[in-house]
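Work out the full structure, taking the sequences as your base and the hints as a guide.
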Amino acid sequence: MNNAAPAPVRTRGRPRGNPPTRESIVSAARSLFLERGYRRTTLRAVAGAAGVDPALIAYHFGSKKGLFADVMQFQCAQALTVDAVLAGDRATLPDRLIDTVTNLWEDADFRRLTVQGDEAAEVIREYLERELLARLVEFLGGQDATARATAVVTILGGLIYTRYLNPLPTPAALSPTEARHTLTPALRAALAPRPRSAAITGAGGLVGVRSGPVAFRPGA
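Numbered per the working numbering, the sequence shown finishes at 230, counting up by one with no gaps.
Don't take each hint at face value.
[Claimed, not checked] Here are the computed distance ranges between Cβ atoms for each label pair: (1) P179 <-> D117: 18 to 26 Å; (2) E45 <-> P205: 49 to 57 Å; (3) E141 <-> Y171: 14 to 22 Å; (4) P205 <-> S41: 49 to 57 Å; (5) E132 <-> S34: 39 to 47 Å; (6) A144 <-> F84: 17 to 25 Å; (7) T91 <-> T52: 26 to 34 Å; (8) N176 <-> A118: 15 to 23 Å; (9) G58 <-> P195: 49 to 57 Å; (10) A183 <-> E45: 27 to 35 Å; (11) R121 <-> D93: 20 to 28 Å; (12) G58 <-> P205: 22 to 30 Å; (13) Q153 <-> R32: 36 to 44 Å; (14) R46 <-> G151: 39 to 47 Å.
What the hints contain is simulated information worked out from the structure, not anything from laboratory work. Just so it is clear, CB atoms sit at the ideal spot from N, CA and C, and this is done for glycine as well.
Here it is in C-alpha cells:
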C-alpha cells in the first residue's frame with residue numbers, strides 16, 4: 011500500500027493566494043539568459059527555475075521576448091535610475107549622465123545581455139526614448155526642451171554605439187573618467203537653453219537679429 015502523499019497539483023493561469031512576484035521571475039530569467047543565451051533559454055526552463063507554472067510567465071510577460079525586455083529594462087533601471095540622475099545639482103547633471111551610462115555598460119553581465127540579438131537592441135532603444143528622453147523633456151521644460159533632450163540622448167547614444175556596441179579604437183580606449191571629461195562639455199552645451207533672438211533696429215532703420223549663447227545653469 012502506498013501511503014505517500016499525493017504531489018501538489020499545479021494550477022494553470024493566474025495563481026491564487028500569494029503568487030511569486032514578477033521580480034522573482036525576472037531574476038530567474040536573467041540568470042538563465044546569462045548562462046544559456048537568449049535562443050537557448052525556454053520559458054519552461056525559466057518557470058522551473060522560478061518555481062512557477064509557465065502559464066504565469068505568459069500571463070505577466072506575454073512571450074519570451076517580453077520577458078527578455080523586462081530583464082533588460084530591470085538592468086537599465088537599476089543602473090540608470092533617471093530619478094536619481096535628475097535629482098542632484100543641475101550644474102553637475104552632465105557628469106551624472108555620463109557616469110550612469112558608463113557604469114551600466116561597464117557591467118560585464120549587462121554587456122553579455124546586450125549582445126543577444128535584435129531583442130536587446132530594441133529594448134535599449136525603447137529605454138532611451140521612453141525613459142531617458144521623455145523624462146529629460148519633462149525635467150527641462152520650455153519650448154526647446156525636446157530639442158535639448160534629443161541632443162543629450164544623441165550624444166549618449168553615440169557613446170554607447172562607438173564605445174560598446176560597435177567600438178571604435180579611440181572611444182573604446184578611453185577610461186570612464188576620460189570619457190566623462192571628453193563628453194561633458196558637449197552635454198553641457200546640449201543642455202543649455204537655446205539662445206533667443208531679439209530684433210534690433212540699426213542705423214537707417216534696418217532691422218537685424220541679435221542672439222548669443224546662454225549658459226546651462228541651475229534653474230534654467
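Going through the hints against the structure:
1. P179 <-> D117: 18 to 26 Å: For D117 against P179, whose Cβ atoms are near 22 Å apart, the range 18 to 26 Å holds.
2. E45 <-> P205: 49 to 57 Å: Once the Cβ atoms are compared, 53 Å apart, the range 49 to 57 Å for P205 and E45 holds.
3. E141 <-> Y171: 14 to 22 Å: Given range 14 to 22 Å: holds, Cβ gap about 18 Å.
4. P205 <-> S41: 49 to 57 Å: Holds: the Cβ-Cβ distance is about 51 Å, inside 49 to 57 Å.
5. E132 <-> S34: 39 to 47 Å: violated (24 Å)
6. A144 <-> F84: 17 to 25 Å: 18 Å Cβ-Cβ, so the 17 to 25 Å window holds.
7. T91 <-> T52: 26 to 34 Å: holds (31 Å)
8. N176 <-> A118: 15 to 23 Å: holds (18 Å)
9. G58 <-> P195: 49 to 57 Å: holds (51 Å)
10. A183 <-> E45: 27 to 35 Å: holds (31 Å)
11. R121 <-> D93: 20 to 28 Å: holds (24 Å)
12. G58 <-> P205: 22 to 30 Å: At roughly 60 Å between Cβ atoms, P205 and G58 fall outside 22 to 30 Å, so the hint is violated.
13. Q153 <-> R32: 36 to 44 Å: holds (39 Å)
14. R46 <-> G151: 39 to 47 Å: Because 45 Å falls inside the window, the suggested range holds.
Hints 5 and 12, counting from the list given before, are not met by this structure.
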